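> Turn these sequences into a full structure, and let the hints steer you where they fit.
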Amino acid sequence: MSCERRTWITRNACGLDRLRRMTSTPPNQPAQQVGVPGAWVSHTMSHVISATTLGQIFRPFVVSLSEIPPVGTQRTSKSNGSNIDFYAELTTLALCAYRSERLLHFHWLHLGDRMMREYSGDRAVFTSVHIDSPTAVRVLLTNADARVEVINGVEVSFVRSRYTLDDLVAYAHQIHENNSTVASVEVQADIPELRAGVLPEDGGTLARVFVPSVVPDGIKVVVVEATRELPAAAEGARHVTGNGCTSGFRMNTNRISTASHCGTTWGTVNGTSVTNRSNRCVIDNRWGSASSISLTISGYGWWGGQYDPANGATVQKYGRMTGWTYGNAGNYSTSQFPGSCVVSVQRYSGGNIASIGGDSGGPYLTLEPGSPATYVPRGTHRGSSSGYIIAVPISAINAQGWYVQ
Amino acid sequence: MSSETIGFMSATPATVDSSATIELWFSGDLAVSRGGYYVILDGGGTELVALNSDANPEVPPHSFLPTDTRVPVLDYGLTGPGPDRISLPNLPPGQYRLCTLNSKPRVCVELTIV
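Note that the protein sequences, when read in sequence, are chains A and B.
Just so we're aligned, residue 0 is where the first sequence starts under numbering that gives the first Met the number 0, counting upward by one.
Just so we're aligned, residue 0 is where the second sequence starts under numbering that gives the first Met the number 0, counting upward by one.
FYI, nobody ran anything at the bench for these hints, they're computed from the structure.
Note that this is a predicted model, so its numbers are computed, not measured.
Beta carbons are placed, not taken as given, at the ideal position from N, Cα and C, and that holds for glycine.
Check before you lean on any hint, since a few could be wrong.
To be verified - Some chain B residues close to chain A (C-beta under 7 Å, calculated; not the full set):
1. G34
2. H61
3. V72
4. D74
5. S102
Below, the structure written as structure tokens:
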């Protein structure tokens, strides 16, 4: 398992999965209220986001937001290499928000972005940039002269560090390579600290990790219990790389779905190779098998039932090209391209629902409030017709003997 | 989801007889992913006919009136630079535009039918 830092930025990464990560409070880390009404913060990320604003940006997911306990701002006591990921994550969210033309004022995130642009390229001196709060940003450089600049109302503190980020990452690799039971080493650049994660079931213990002599004494090494990363599984709302479409749901326990009209070549879904098995023209569904298929979609588990939405109900749609959009369920209709089957479809309109080529096969679902929230399958994407987005309703799929399960 | 996309499409040949087959080539985001449907507009911008290319063997090429509520635009995805081939319907000589119908960005090429 690599100890390299993960980078979460991906193109078109404004979806539900990202929002959940951004707003969820990790287990076993109870929220603390410190007095900023209407603000939300995760304990592992030193950011504050207006719940109202998020609700405006991600209107379909207000339900899930409402379940998150209100907390206030939190100044980070420590920052780390992963904070760079968090920072990048936040910047991406701001970019998503900016592009949605609903939010323009994450100036502190833009400032962090600016600091990264200006300083991270000089690897010989760069350590890290930390967004500690909406009014405080730290820049750690090995040659910094300690000073504070106020830029657009944000205090930017320049702090002299002892080690560059490249140094710390190299030390992390040293620890990783010299301990077979260490699954990961996390760099906390501003302490500085290296957190070695061990898997007890692999024979690792929390007490013993060999620290090579090359690692300076000034760098604290702590040992924590690591969590095993599960191998990727094919799941819904993912890119079907072989035919350019979108995966829908796990069906009949051992199949993953997409649209029948997308073709027989699956390639991979969420990094997992999928083999074409069968298709059924009258419901425009195709199914493939894989070594592992998950019922989870964007972090949400299956609610346990499946039924069509009522006329007028708001339903979320995922397509790999348009991401998560939402619209209102309408009338049932039929759809046929020349020489092919007549397919029963349900029409959608309103909201911000959208589709373009590549979205076929993607899931339509609604979220059931709960802890955690779960999804109810509503259909799979087919295309558009006369101004409507059209989906194969889940009832029609069920009627052919295929169930989300 | 909103994101800036840049893509280009070219047609060869750009001057054709009615009912000819033309090849479409793509670059930028359209070479990464695109839909398979197009629409032909007259000089006044009126959509005359919708059609799809031969690039998806599961969906044979066909053309239909954009206002035909019975015929769907299927949102399969295509990749690569092309060529995707489309057979033009029988149209009178003149200047037309051929535009992507279910791709982002929406781009057009000029067509002259002689």
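> If a hint holds in the structure, say so; if it does not, say that too.
A quick look at each hint next to the structure:
At its closest, the beta carbon of B/G34 sits 2 Å from a beta carbon of chain A; the interface hint therefore holds under the 7 Å criterion. Taking 7 Å as the C-beta contact cut-off toward chain A, the hint placing B/H61 at the interface holds, the least distance being around 5 Å. Interface hint status for B/V72: upheld, as the beta-carbon distance to the closest one in chain A is roughly 5 Å, under 7 Å. With a cut of 7 Å, the hint placing B/D74 at the interface with chain A holds, because the nearest CB-to-CB distance is about 4 Å.
Interface restraint check: B/S102 against chain A, minimum CB-CB distance 6 Å, threshold 7 Å, status holds.
Every hint, counting from the list given before, is met by this structure.
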